[in-house]
Amino acid sequence: MSSVDARPGSAASVEKPRVAFWNDPEKRGYIFQAVLLAAVVYFVYSAADNALANLQKQKIASGFGFWNNTAGFDIGQRLIPYETTSTYGRAFWVGLLNTLLVAGVGIFFATILGFIIGIARLSKNWLVQKLATIYVEAIRNTPLLLQLLFWYNAVLKALPEVRDSLAIPGGLFLNTRGLFVPEPSFGPSFSWVLYALGAGILGYFGFSRWAKARQAATGQIAPLGLAALGLIVVFPVLVYFLAGSPLSFSVPELGRFNIRGGVQVYPEFVALVVGLTIYTAAFIAEAVRAGIQAVSKGQTEAAYALGLRPGPTLDLVVIPQAMRVIIPPLTSNYLNLTKNSSLAVAIGYPDLVQVFTGTVLNQTGQALEVVAITMLVYLTISLSTSLFMNWYNARKALVER
Amino acid sequence: MKKVLMSFAIGAAVVMTAGAASAQTTLEQVKKRGTLQCGSNTGLAGFGVPDAQGNWSGLDVDYCRAMAAAIFNDPTKVKFVPLSSKDRFTALQSGEVDVLVRNTTWTMSRDTSLGLEFGPVNYYDGQGFMVRKKLKIASAMELSGASVCTQQGTTTELNLADFFRANKLKYEVVTFATSDETIKAYDAGRCDAFTTDASGLYSERLRLTAPDDHIVLPEIISKEPLGPATRHGDNQWFDLVKWTHYVMLTAEELGVTKANADEMAKTSTNPDVKRLLGTEGNFGEAIGLTKDFGIQIIKHVGNYGESFERNVGAGSRLKVARGVNALWTKGGLQYAPPIR
Numbered sequence: 000m001s002s003v004d005a006r007p008g009s010a011a012s013v014e015k016p017r018v019a020f021w022n023d024p025e026k027r028g029y030i031f032q033a034v035l036l037a038a039v040v041y042f043v044y045s046a047a048d049n050a051l052a053n054l055q056k057q058k059i060a061s062g063f064g065f066w067n068n069t070a071g072f073d074i075g076q077r078l079i080p081y082e083t084t085s086t087y088g089r090a091f092w093v094g095l096l097n098t099l100l101v102a103g104v105g106i107f108f109a110t111i112l113g114f115i116i117g118i119a120r121l122s123k124n125w126l127v128q129k130l131a132t133i134y135v136e137a138i139r140n141t142p143l144l145l146q147l148l149f150w151y152n153a154v155l156k157a158l159p160e161v162r163d164s165l166a167i168p169g170g171l172f173l174n175t176r177g178l179f180v181p182e183p184s185f186g187p188s189f190s191w192v193l194y195a196l197g198a199g200i201l202g203y204f205g206f207s208r209w210a211k212a213r214q215a216a217t218g219q220i221a222p223l224g225l226a227a228l229g230l231i232v233v234f235p236v237l238v239y240f241l242a243g244s245p246l247s248f249s250v251p252e253l254g255r256f257n258i259r260g261g262v263q264v265y266p267e268f269v270a271l272v273v274g275l276t277i278y279t280a281a282f283i284a285e286a287v288r289a290g291i292q293a294v295s296k297g298q299t300e301a302a303y304a305l306g307l308r309p310g311p312t313l314d315l316v317v318i319p320q321a322m323r324v325i326i327p328p329l330t331s332n333y334l335n336l337t338k339n340s341s342l343a344v345a346i347g348y349p350d351l352v353q354v355f356t357g358t359v360l361n362q363t364g365q366a367l368e369v370v371a372i373t374m375l376v377y378l379t380i381s382l383s384t385s386l387f388m389n390w391y392n393a394r395k396a397l398v399e400r
Numbered sequence: 000m001k002k003v004l005m006s007f008a009i010g011a012a013v014v015m016t017a018g019a020a021s022a023q024t025t026l027e028q029v030k031k032r033g034t035l036q037c038g039s040n041t042g043l044a045g046f047g048v049p050d051a052q053g054n055w056s057g058l059d060v061d062y063c064r065a066m067a068a069a070i071f072n073d074p075t076k077v078k079f080v081p082l083s084s085k086d087r088f089t090a091l092q093s094g095e096v097d098v099l100v101r102n103t104t105w106t107m108s109r110d111t112s113l114g115l116e117f118g119p120v121n122y123y124d125g126q127g128f129m130v131r132k133k134l135k136i137a138s139a140m141e142l143s144g145a146s147v148c149t150q151q152g153t154t155t156e157l158n159l160a161d162f163f164r165a166n167k168l169k170y171e172v173v174t175f176a177t178s179d180e181t182i183k184a185y186d187a188g189r190c191d192a193f194t195t196d197a198s199g200l201y202s203e204r205l206r207l208t209a210p211d212d213h214i215v216l217p218e219i220i221s222k223e224p225l226g227p228a229t230r231h232g233d234n235q236w237f238d239l240v241k242w243t244h245y246v247m248l249t250a251e252e253l254g255v256t257k258a259n260a261d262e263m264a265k266t267s268t269n270p271d272v273k274r275l276l277g278t279e280g281n282f283g284e285a286i287g288l289t290k291d292f293g294i295q296i297i298k299h300v301g302n303y304g305e306s307f308e309r310n311v312g313a314g315s316r317l318k319v320a321r322g323v324n325a326l327w328t329k330g331g332l333q334y335a336p337p338i339r
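So the sequence lines, in the order shown, correspond to chains P and G. Each residue of the first sequence is one higher than the last, beginning at 0 in numbering that gives the first Met the number 0. Each residue of the second sequence is one higher than the last, beginning at 0 in numbering that gives the first Met the number 0.
Just chain P, same shape as in the assembly (with noise of 0.2 angstroms):
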């Protein structure tokens, strides 16, 4: 463009000038896109092409076909029925809820726990302050695999074997095969539990947001504590009285290798989880470290002026504006567990990278499907959990007028 038809007001302006497309920039930007798109396409589809066309060669099978076919091998612990006589594709969902469920616990546990080691390393207390110190130091600068089979030969060396299993008064069962826990049975009527259950934590919501408008139009507080023991604890422990305990327990008892009943926790789950919780829970600690560290000390001192003691500062002033800088850290954190629980391998827990990308795929030698699944499931996971947390975060953030 010449400055003559940059002029604003000039009739040129209005009216757009005639210039060769090559020498428009908008369409020599559509131009360089599709010629870029072309080349990226042509890429994938050649490498694709090659790639199924050298696998014939060389006599590989390809395709998914193998999907339903019979398995032939087991699979220790499991949370939906699998027989040797079920499929790859069945061994690929026990492997994937076995790897969502340590995620998951672990996710839980490492919360928790970085959250007070967090904490903890702001303590005025010296000793707690050091040890949290010390924690953190020690877990993040050391392997998380070394820790992984620290945990599984500590835990398997200090358990007695089977028949000098520990027992722990309730019926509990502990050894080298792991821990054994009595089975629920649900009786019947214990559905009514379930729902008194539910209609506790909705009226416990119900009340907390009456409670909360009656708190902004009055300043009177309602005692909130008060009212969640009763409605979700107090409310379905007298329902399952009336409706006559409804719940019984089968006890595992000891055999002749192993015990029968029960349900058992294999020590290859335990070890992943607290291997870990206790990694991950270094991470999340220094995240909550930082977000605390990083309201400034104004805001408690403000806070403290106005009369709040030490509790409700943290819980109402500098929790909240802590989340907003804790939140983006914890959400990666959350992302590096559940993709580092893929070296269960190493400790023999049936996870997903095991199971699928393990034997499934030494058996049916196909290697190119079975770890572009893998990874696919994996980018699944974690992108959801990416778009979860914000939500969450969009949610905490601060709202500025």
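Mixed in with the good hints there might be a few duds.
Distance windows between CB atoms, simulated [unchecked claim]:
id	chain 1	residue 1	chain 2	residue 2	range
1	P	E252	G	V323	37 to 47 angstroms
2	G	E279	P	V43	30 to 40 angstroms
3	G	D211	P	L165	47 to 57 angstroms
4	G	Q23	P	A47	19 to 29 angstroms
5	P	S249	G	W327	53 to 63 angstroms
Quick caveat, the hints were computed from the structure, so don't treat them as lab data. No residue lacks a Cβ here, since even glycine has one placed at the ideal position from N, Cα and C.
Fit chain G to the supplied structure of chain P, relying on the hints for placement.
For chain G alone, kept in the frame of chain P given last:
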């Protein structure tokens, strides 16, 4: 992470090297490189294990040394690539190794859908169980309710499931990626029984903290023909792999040993011996080698019987009897087609 990298390697190899792999035969590549890349066990006494100085020995290791002797007239020109049972086929498919001699069971699906060729069986094996003596078990049929440690990505894993299913016994399986982790978990008491090929049981037992506290049960629950594998499609290379073993078998049958090979080559009038040692005919040429390849193998590595005794037989710590691995003339299964 190793397997993921490996899978990338095969992916990259398959995707990128459209022509490179097929332009040269495996033998040409090996000759150009100057060493044979041999996929071997990460450490299985008697079959393939490195000592403290990194010198490899074993029955499978001897196979690779024999091939190097045939190609280069030098049994040391081998690079051993230790592979876990999970990674081994990918490594072979992607061209990381030229041949896989790693106590690998020949099965139909591996032969037909993995793009592999299986060579002659250099050890006939079968799967067994090891348990602690104090359990007072005499048979695998008494293992109902037991937990069993095994290595992942093996035929063992499948046979185990078949055995317990066929006999309607209950069990719990714990699988590990490497043999080290498997035997360690068994040693720590995680499992009642440890299962692998019978030969492997004897050599793994040596690694336990108290080997004498454990016994191998008498049942053999499967057929495990162990042999070398190569990539599908290079027939000349496959021939070379096959005939390396047959030369060693023929030498044992004809009484040619590491010590007397030179002598026999000069003096023997037996036409079979002459063809074996290359003083008559030119059989090496057809597989891209010289006519001396037979005598080179025997001079450097010895015949099959010598290798067997040295690594797994009476001359070793394993003390495995020849059994079905004896020559066909002595009631075993080892039988070589004639060299003519």
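Evaluation of the provided hints:
1. E252/P <-> V323/G: 37 to 47 angstroms: holds (44 angstroms)
2. E279/G <-> V43/P: 30 to 40 angstroms: violated (58 angstroms)
3. D211/G <-> L165/P: 47 to 57 angstroms: Distance hint for D211/G, L165/P is violated at roughly 28 angstroms.
4. Q23/G <-> A47/P: 19 to 29 angstroms: For A47/P against Q23/G, whose Cβ atoms are near 25 angstroms apart, the range 19 to 29 angstroms holds.
5. S249/P <-> W327/G: 53 to 63 angstroms: holds (58 angstroms)
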